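Participant: Spelled out from the first residue to the last, the chains are:
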Amino acid sequence: MISKVRKFVILVEETHREMGKDISPPTRKAAALAVIENPCAGTYVEDLEVLMQIGEELGGILGEKAVAALSITPAEAQSYGKAAIVGSDGELEHAAAILHPRLGKPLRQAVEKGAALVPSSKKMGGAGTAIDVALGHKDAAYVRSHFDAMEVRVPDAPRPGEIVVAVAVTDSGRPLPRVGGLTHEQAEGKDGLR
Amino acid sequence: MQVLVRKFWSVLEEIHHEGGPPAATPRRVGALAAVIANPFAGRYVDDIAPFMETLKPLGLEMAARLIALLGGDRAAIDGFGKGAIIGTAGELEHGALWHVPGGYAMRELLGDAKAIVPSTKKVAEAGGRIDIPITHINASYVRSHFDALEVHVPDAPAPDEMVLILVMAVGSRVHARVGGLQAAEITGEDGLR
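Those protein sequences? They're chains X and G, same order as listed. Positions in the first sequence are counted from 1; adding 11 to them yields my numbering. Positions in the second sequence are counted from 1; adding 91 to them yields my numbering.
Because the hints were derived from the structure by calculation, they are not lab data. Among the hints, erroneous ones may be present.
[Claimed, not checked] Result set (DSS-like, lysine-lysine): computed pairs, CA atoms no more than 30 Å apart in a straight line: (1) X/LYS32 - G/LYS147; (2) X/LYS133 - X/LYS201; (3) G/LYS213 - X/LYS32; (4) X/LYS124 - X/LYS201; (5) X/LYS116 - X/LYS133; (6) X/LYS133 - X/LYS15.
[Claimed, not checked] Listing some non-contacts, in silico: residues in chain G with all C-beta distances to chain X over 12 Å: (7) ALA115; (8) ALA124; (9) GLY202; (10) THR211; (11) ALA215; (12) ALA275.
[To be verified] Just the calculated beta-carbon pair ranges, DEER-fashion: (13) X/GLU196 - G/GLY162: 30 to 40 Å; (14) X/GLY137 - G/ALA140: 56 to 66 Å; (15) G/GLU216 - X/MET12: 36 to 46 Å; (16) G/ALA140 - X/GLY203: 52 to 62 Å; (17) X/ARG189 - G/LEU95: 13 to 23 Å.
Bear in mind that the values here come from a model prediction, so they are computed numbers and not experimental data. Every residue gets a Cβ at the ideal spot worked out from N, C-alpha and C, and that includes glycine.
Using the sequences and the accompanying hints, generate a full structural model.
Facilitator: Written out as structure tokens, the structure is:
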């Protein structure tokens, strides 16, 4: 493995009731996080190739872990998102290098298809910083019932020389969606939008 | 009286190292939290103890799910802890309702564990964080297993809810090296040494 992983953290949220109503089956979200050493910490590095390689590696590993945490087949994944928190000896661009150039392709393999853009968020932060991982439908970005987010944090990370990389996957939309728009059932999933 | 679960939230940490030599087998620590309606919120209720019995099936379900989360091998689990966060319309004493059903469930499913289950409790707003203490399941004095896992559920507890938490662990702290009683040296049946 290129990534130097200190720990993996898996979070699963399963919602059974919302506003007094039963949600059956429950809506479920999973996030897989890796706490890794930032190889570019402490100094300005012009070429961020090593972080792009890490992103490619973690896209598959974290995508597969999140799908496994929900005990679903890849095809049953409905929405996804990604995020990174960079410790204070790094720079925001390090998150961009991990998340954007190469993480998407292996993540899409892990959720089978994934025609839509993978929504993302990034920030600098200290240990225990929380980040909201944006969520969007994996095949049709305009599916309104699946716009959401999942808050994640690792109490002891990132340390200054670390990066927390997160991938979130769901098998459902919000618990009680009722603001109209394109639905999961209506989505064609050809252009990634509708 | 029934138990109304709004959501379950689980955490699984797989710790490979903490700056030292990577562990041959990564340490695993898991938590399962249930967000439930607090039937006593908003007023003083004197007779709350019967709710402990009501919570027993939930405790057993949570302990079983937590064992599965950690890989399903009961014999490998050697650390545990529990805790509760009470929403602001409740009182600290409501958190004490979790001692019996939470502890009973873990002891039952972990093969008559001998040690007391360490615990914490607090009243907090949604997103409040709690450190759940962890000790060895058969001997509280095993120094390599003293630890804690910080747990929080972003949207809970609402004022009229409580978050009930169980924690289990496989293995000691990843670089444990401060001596004391070792897990291999446990002798007695008193739950301490």
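Participant: Flag every earlier hint the structure violates by its number, smallest first.
Facilitator: 8, 14
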